[in-house]
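Starting from the known structure of chain R, fit chain X onto it as the hints suggest.
Chains R and X supply the protein sequences, listed in that same order.
Taking our numbering, I'd label the letters of the first sequence as residues 1 to 496.
Taking our numbering, I'd label the letters of the second sequence as residues 1 to 95.
These are computed hints drawn from the structure, not numbers from a lab.
Please note that a few of the clues may not be correct.
[Stated by the list, open to error] Pulled a few chain X residues facing chain R out of the computed Cβ check, cut under 8 Å:
{"hint": "1", "residue": "V55"}
{"hint": "2", "residue": "G66"}
{"hint": "3", "residue": "K75"}
Glycine is no exception: its CB is placed at the ideal position from the N, C-alpha and C atoms.
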Amino acid sequence: MMSDLTKLKISEARDALRKGDVTSVELTEACLDAIAGAKALNAFVHDTPEIAREMAKAADARIKAGDAPSLCGIPLGIKDLFCTKGVASQAASNILGGFKPEYESTVTTQMFNDGAVMLGKLNMDEFAMGSSNETSAYGNAVNPWRRGNDDAALTPGGSSGGSAAAVAADLCLGATGTDTGGSIRQPAAFTGITGIKPTYGRCSRWGIIAFASSLDQAGPMTKDVRDAAIMLQSMCGHDPKDSTSADLVVPDFEAMLTGDIRGKTIGIPKEYHMDGMPEEIEALWAEGRKMLQDAGAKIVDISLPHTKYALPAYYVIAPAEASSNLARYDGVRYGHRAKLGQGDGITEMYEKTRAEGFGPEVQRRIMIGTYVLSAGFYDAYYNRARKVRTLIKKDFEDVFAAGVDAILTPATPSAAFGLGEMKDADPVKMYLNDVFTVTVNLAGLPGIAIPTGLDKQGLPLGLQLIGRPWEEGDLLNTAYALEQSAGFVSKPAKWW
Amino acid sequence: MSIDKETAAKVAKLARIKVEDDALPALAQEFNDILGFIEQLNEVDVDGVEPMVSVTPMRLKRRTDGVTDGNMQDKVLKNAPDAREGFFAVPKVVE
Numbered sequence: 001m002m003s004d005l006t007k008l009k010i011s012e013a014r015d016a017l018r019k020g021d022v023t024s025v026e027l028t029e030a031c032l033d034a035i036a037g038a039k040a041l042n043a044f045v046h047d048t049p050e051i052a053r054e055m056a057k058a059a060d061a062r063i064k065a066g067d068a069p070s071l072c073g074i075p076l077g078i079k080d081l082f083c084t085k086g087v088a089s090q091a092a093s094n095i096l097g098g099f100k101p102e103y104e105s106t107v108t109t110q111m112f113n114d115g116a117v118m119l120g121k122l123n124m125d126e127f128a129m130g131s132s133n134e135t136s137a138y139g140n141a142v143n144p145w146r147r148g149n150d151d152a153a154l155t156p157g158g159s160s161g162g163s164a165a166a167v168a169a170d171l172c173l174g175a176t177g178t179d180t181g182g183s184i185r186q187p188a189a190f191t192g193i194t195g196i197k198p199t200y201g202r203c204s205r206w207g208i209i210a211f212a213s214s215l216d217q218a219g220p221m222t223k224d225v226r227d228a229a230i231m232l233q234s235m236c237g238h239d240p241k242d243s244t245s246a247d248l249v250v251p252d253f254e255a256m257l258t259g260d261i262r263g264k265t266i267g268i269p270k271e272y273h274m275d276g277m278p279e280e281i282e283a284l285w286a287e288g289r290k291m292l293q294d295a296g297a298k299i300v301d302i303s304l305p306h307t308k309y310a311l312p313a314y315y316v317i318a319p320a321e322a323s324s325n326l327a328r329y330d331g332v333r334y335g336h337r338a339k340l341g342q343g344d345g346i347t348e349m350y351e352k353t354r355a356e357g358f359g360p361e362v363q364r365r366i367m368i369g370t371y372v373l374s375a376g377f378y379d380a381y382y383n384r385a386r387k388v389r390t391l392i393k394k395d396f397e398d399v400f401a402a403g404v405d406a407i408l409t410p411a412t413p414s415a416a417f418g419l420g421e422m423k424d425a426d427p428v429k430m431y432l433n434d435v436f437t438v439t440v441n442l443a444g445l446p447g448i449a450i451p452t453g454l455d456k457q458g459l460p461l462g463l464q465l466i467g468r469p470w471e472e473g474d475l476l477n478t479a480y481a482l483e484q485s486a487g488f489v490s491k492p493a494k495w496w
Numbered sequence: 001m002s003i004d005k006e007t008a009a010k011v012a013k014l015a016r017i018k019v020e021d022d023a024l025p026a027l028a029q030e031f032n033d034i035l036g037f038i039e040q041l042n043e044v045d046v047d048g049v050e051p052m053v054s055v056t057p058m059r060l061k062r063r064t065d066g067v068t069d070g071n072m073q074d075k076v077l078k079n080a081p082d083a084r085e086g087f088f089a090v091p092k093v094v095e
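Isolated chain R (complex conformation) (with noise of 0.2 Å):
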């Protein structure tokens, strides 16, 4: 009995706990037992539950008193990339080895003040660059999915892959992800939950560890697109402290799922059939664009010239943000140095600290930053990648123009790949797992990622929905007739 309060979605535990038929403190417990019991994903890092049960009683004392937030209550996971205040934040990097903030991040605080509970910080990609929970310091987390009897481990994918193999696993009710170039999508995709990337200003970044600034977005990992809009109404609003948070109102994102999407249009993009995509996949695309037609949608084919060149500018703008955000970690202010030599200098000091504390990938994309940044380089990479980047913004802006509410897409071009499997693929190859996420990051978009089928090995596949800047209400309305329409209810089966 008390391991199914995990499997709540987060909108039947705010009800469950308003009617008084469930506690906090239970379903904190609950989770914190899943946990305990789920060592063999290494999803959750660093686990609070002394500061769990803390907010649990908190919560049930202000759900007693009546008026409290839709969150209040309900336990999360947070990824490692934000900075909680006395709990270790560390970008599943070594480099931060030993970090505990003294400040809270915009995002946690707000949901914390809408009385979630924290439950623990989840595993991730190193800096969050990565799309498979390989480059992590901790270790892989591992998909709670499996093909079929096969017991290979699978990818959760990345960067927010512990938060994905979380919440798909039942062990919190709801978790934070990061977005730069599919991060909350792709693991969601990879693991049959639903993820949603806000409009780039929507949510602070401040607290949030940088990657690439210009990029990163935080946003909701859930178990279905009502949840998605729970979370996202608290994680979102203006904050003086993020000069790029929009001084925007919220709306009330859950009032805006009718489900009605009669006289939408929703647009295909040809761009995003790629050569060598399984069948599998596009057959996935094509029942999600019927059944957007069934519900009234009005469905046309688009085109965005440019998606071909949203990976390769992305590769020169997100290392180049990287190399600039990650000069920081120098040994100096937080984090690891590295112990010296007789006769080294602060020189020394940067290079071996740095070396030592940041894994091969880290290393890899800071350097190509530095490369793309350099003298006599910066404007044959840089300018011109962002450059390109404009054309892949006005791509967009044309069929918005046109009158297309919401674009449709594949949100990957694969179900999840076996941990290792890519060890010796070159880097390229790992990257183009965000082929279909990349370009709302460079545009600012809202984008989202649903469930909405297995497939012959029973992994789960997902579509992905793109809409309009500042209009996630409407994008998540879209979504939930999407969810309805597709029925997606599988679970993956305990082996853990």
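Then chain X, alone, in the frame of chain R:
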């Protein structure tokens, strides 16, 4: 554009990441793979296109130029690998 061992060493130096000599050829090869992928951008006609500065055009907020926070030296130094007498400590910089 092909990156050789020397260029790889120079980039590592600029990035302040120590790379051992025997690791440089493999690193140079990885750079070449990634830059080869990036070269596709040269196919795009970008004449007259403005490089993107801000993805969601907005006027940055202004505030009064005043002190809003402070007096937390202990918190600032709390996570330092080496803090002494109220300062961050580093190896000697000036002889």
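Report holds or violated for the interface hint on V55/X, using the least CB-CB distance to chain R and a cut-off of 8 Å.
holds, 3 Å
Report holds or violated for the interface hint on K75/X, using the least CB-CB distance to chain R and a cut-off of 8 Å.
holds, 4 Å
Regarding the hint that G66/X lies at the interface with chain R, is the smallest CB-CB distance below 8 Å?
Since the shortest Cβ distance to chain R is 13 Å, the answer is violated.
In the structure shown, a violation is registered for the earlier hint numbered 2 alone.
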